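Q: From first to last, the protein sequence lines stand for chains A and B.
Each residue of the first sequence is one higher than the last, beginning at 1 in my numbering.
Each residue of the second sequence is one higher than the last, beginning at 1001 in my numbering.
All clues stand as given, with none of them false.
In silico DSSO-like pairs for lysine-lysine, Cα to Cα no more than 27 Å straight-line:
1. B:LYS1074 - B:LYS1084
2. B:LYS1128 - A:LYS34
3. B:LYS1124 - A:LYS210
4. B:LYS1084 - A:LYS210
5. B:LYS1027 - B:LYS1065
6. A:LYS210 - B:LYS1080
7. B:LYS1200 - B:LYS1246
8. B:LYS1034 - B:LYS1084
9. A:LYS210 - B:LYS1074
10. B:LYS1133 - A:LYS210
11. A:LYS210 - B:LYS1087
FYI, nobody ran anything at the bench for these hints, they're computed from the structure.
Note that the structure is a prediction, hence the values are computed from the model and not measured.
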Amino acid sequence: MKLDEKNAQQIVPNPVDPGQAMEADEIEAISPWKDTFRQLRKNRFAIIGFTIIIFFILVAIFAPLFTSYTYHQQDLVNRLQPPSAEFWLGTDHLGRDIFTRLVYGARVSLMVGFIAVTGALVFGTLLGVTAGYFGRWVDMIISRIFDILLAFPSILLAIAIVAILGPSLENALLAIAIINIPIFGRLVRSRVISLREEEYIMAAKAQGMKNGRIIFQHILPNSIAPIIVQSTLGFGTAILEAAALGFLGLGAQPPTPEWGQMLADSRDFIQLAPWTVIVPGVAIMLVVLGFNLIGDGLRDALDPKMKN
Amino acid sequence: MEDVILELSGLSTHFFTDQGEIPAVDKVSFRVHKGEVVGVVGESGSGKSVTSLSILQLIPSPPGKIVSGSIRYKGEDLAKATEKRMKRIRGNEISMIFQEPMTSLNPVFTIGNQMREAIRIHQKISKKAATEKAIQMLKLVGIPRAEDIVNEYPHQLSGGMRQRVMIAMAMSSDPSLLIADEPTTALDVTIQAQILDLMKKINKEEHTSILLITHDLGVVADICDRVVVMYAGQVVEKGTTREILKDPQHPYTQGLIRSLPKLHGREEKLYSIPGTVARPKKDRVGCRFAPRCEFAFERCFKENPELYQLGDGRESRCFLHTEKKGERLEDATTNT
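Extracted from the complex, chain A is given alone in its bound form (with noise of 0.2 Å):
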C-alpha cells in the first residue's frame, strides 16, 4: 500500500488535477477502490471529515472512559453551572454533567444516522431498482409512492408518523427512515434508467444472463458510487431530523441523552447558562459537518468524469 502511494506520487506530479493522473498511470492495475481511497486522500476537507466523525465514533464506544459520572445522575445543587475542572462543560438545569450527556449522546445521535440511513438505504435501493429496471407501471406505482412522500415537509411527516406511532426514538428512527426512502429511490431509479441503455446491459442479455444477475452483477455495482455519496450526506440529515423531533419532544424521552433533546431542554436556560445550549448545538453541526466534508469528498473521488 506504502509503495502504491509512493508511484502515484511520483506519476502523478499535480495533485490538483486528478483526471490527469488517471491518464498517466493507465499501466498499472488499480481496483477502482483503492483508486477512491488514493483520490480521497488527496482531499484535505474530505480528511479532515474523516477526522471529525473517527473521533466521534471513538467518543461513543468509549463513552464510560471519559467521565466519572453518569447521564442520568442529576445534582440539584449544581444546577446550571458554567465550564469548570469539575464541569468541563457545565451542567444543565438538573445538575447533570453536560459533558457526561454529551458523550453518551453521541452513541444515541450516531446510532439514529446509522441505522435511519441503513434503513433507507435498503428500501430505497430496492424500490428504486426495481422501478428503474422494470420500468412500465411497476415505475408508474413506485414513482408515485416517491411523489407522495415527497410532497410533504419531511419533518411535518416524520411528526405525522411519530404522532400515529408514539413518540420514542424507535419511532423517530422509523420515520427517519421513511422520509429519507425517497431520496434514496429516486437516485437510484435515475441511474438504473440511464445504465439500463448501456450496451453492456445489452451485451449481457444477449449473453442470456437473467434479470436478477443483471441486477446484482452490473447494475448495482455501478450504481454504488452515487448511493454511497448520498448515504454520507443522508447521515448529517438523518442526525439533524432526529434532533429536530428530539427538540419537538417526538425522539428519544428523557432521560436519554439525544443531543436535539438536550437542546430543547435547555432552551429555557438560554439566556443564563448559554453553554448548555451551545455544546449539544456544536455537536450536532460538528457531526453533520463531518458527514458533508466526506460525502463531496467522494462525490469527487468517485467521479467516472475525473476518472477516466
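Model the placement of chain B on the given structure of chain A, informed by the hints.
A: Frame of chain A; chain B shown alone:
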C-alpha cells in the same frame, strides 16, 4: 439445403409509437447456412440492427414487437420460443457482439471476472476452470499476455483489444451462430482488418456461421460469402458477395457501390445517393427507394415492387426487372 442454421421468413418487427405503427423490419427473409458468413448491408435506419436483435428476441418491448414471420434456428421457431428457452439460446447457441467495444464491457469489473460470469451462465464449471477457459479464449482471439489481461479493467484496454475480448466472450460457449452488429465500425482501419481476420479465422476453424451487420461494403467484400442488402426495413437485393459487388442489380446497391471512395482514378466529387432513408410507414404505396432513385418511373410510385427471382438465388426488388427485361438492366449497370 440441409445445413441451414438460421432461416428468417417473412419476419416483420414493428414499433408501436405515438406516431403510429412503424414497420422497422418488413417481411424480411434470408438464410444462413452452416459455416457461412452472411452480410446484411444498409444505411442507418434500414432495419439491419432491428433484424439482428429480433433474432435473439432482444427488441425492447414495448414499443417493439415481432408481428409476423418466423425465425427458424435449426428448425426451431425462435419467434415462438419462451423467454426461458431464449435465455438458454442467447450466448450459448447464438452469440452476439456489438458495435461499441468501449461500452460493451462493464467498467467496474475485471475482464476475467466478466468472462467468468459469461462462461458460467451456460457451463456448470468451477471458477478456476472458468478462469482457465477465459485465458484460453483470450489466447484464441490473439490477445497477448492473456494471464495479465484477465486481471485488468476495461478502461486499461484499447478498443481493438476490447472487441477481441467481446469476441472471446461470445465464442466461449462455442456457438453455432455469431451475430456481429457493426463489429468494426468504431475501430480504426488497421484494427478493423485484424478483427475481420480474426472473424474469418473463427469461421474457418470453428465452423461458426456469422451474420455480419454492417454498412461498410469494404467489410462485406472482405469476409462475406453472401450479402443481403436492406433498405427502409425491406430486403432489396440478395446474392453472393461476388455477384453483388461486380454486378449489382438494384439501383440502391448500385448507388452504395458507387459511393465507395476508390484509391485509383480520383473522381471530382464522391458520389452520394441523394436524400436519406425514408422513415418506414405502414401502408406506404410505391417502392421505398423511389424518391431517391435515378431510374424511378411512374409505376415505382404507384405499386409496391416484390422481390424478383433473377436465377442462381439472386433476388432484387425493382420494377426494372419486369419492364423491358434485361435490356433496361444493362443500361442501369453501364451507367454506373
